[in-house]
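**Student:** Sequence:
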Amino acid sequence: MTKSNAVSFLLTVVFIIYIGFSFHFSFTPGESIGKIAIQFTKDLLLILPCAFILIGLFEVWIKQETIEKYFGLNSGFKGHIWSILLAGTTVGGMYVAFPIAATLLKKGAKPSIIYSYLGFSAICRIPMTIFEASFIGLKFTLIRLFISIPLVIFSSVILEKLVFHNKH
Numbered sequence: 001m002t003k004s005n006a007v008s009f010l011l012t013v014v015f016i017i018y019i020g021f022s023f024h025f026s027f028t029p030g031e032s033i034g035k036i037a038i039q040f041t042k043d044l045l046l047i048l049p050c051a052f053i054l055i056g057l058f059e060v061w062i063k064q065e066t067i068e069k070y071f072g073l074n075s076g077f078k079g080h081i082w083s084i085l086l087a088g089t090t091v092g093g094m095y096v097a098f099p100i101a102a103t104l105l106k107k108g109a110k111p112s113i114i115y116s117y118l119g120f121s122a123i124c125r126i127p128m129t130i131f132e133a134s135f136i137g138l139k140f141t142l143i144r145l146f147i148s149i150p151l152v153i154f155s156s157v158i159l160e161k162l163v164f165h166n167k168h
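If you count the sequence shown from 1, position 24 lands on 24 in our numbering, and the numbers rise without skipping.
These are computed hints drawn from the structure, not numbers from a lab.
The following label-pair restraints were derived from C-beta to C-beta distances:
hint : residue 1 : residue 2 : range
1    : T66       : N5        : 35 to 45 Å
2    : S148      : V91       : 17 to 27 Å
3    : I17       : N74       : 53 to 63 Å
From the three backbone atoms N, C-alpha and C, an ideal C-beta is built for every residue, glycine too.
With the sequences and hints as input, model every part of the structure.
**Tutor:** Structure (structure tokens):
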């Protein structure tokens, strides 16, 4: 067992003991944390099996040539548009977005487009956008998208230059 695994294991045990004592001694903050942790675990167990199946299918069905064509080094600005479309239809939030981003990277996608995809996965999912527009209003949602999308693309390009400046 590596040192980081041992530390992670120790922190997990301490957390479980803390939650156990909180429920035993009716310590409200600890009980709240425990209830949230249990609900979060249930949500993960409902989402992740389906998400892993979808990610596996994505890895098998989508060819490397397709990824390189639409998301690769020569895709240009269109790659960012494709990343908006992919992110908008991604279900499962960031739990699914990160493994898909890893698959995109493995199959030859340009780093800035992957960063855009991750950003868009957080802000442009279709169900979330519809939900937001129905509660806050269409005008607010459109303003947020028209401001957020260019900022995500800009920051993704800058981030690629900062992180990958010696690799290309």
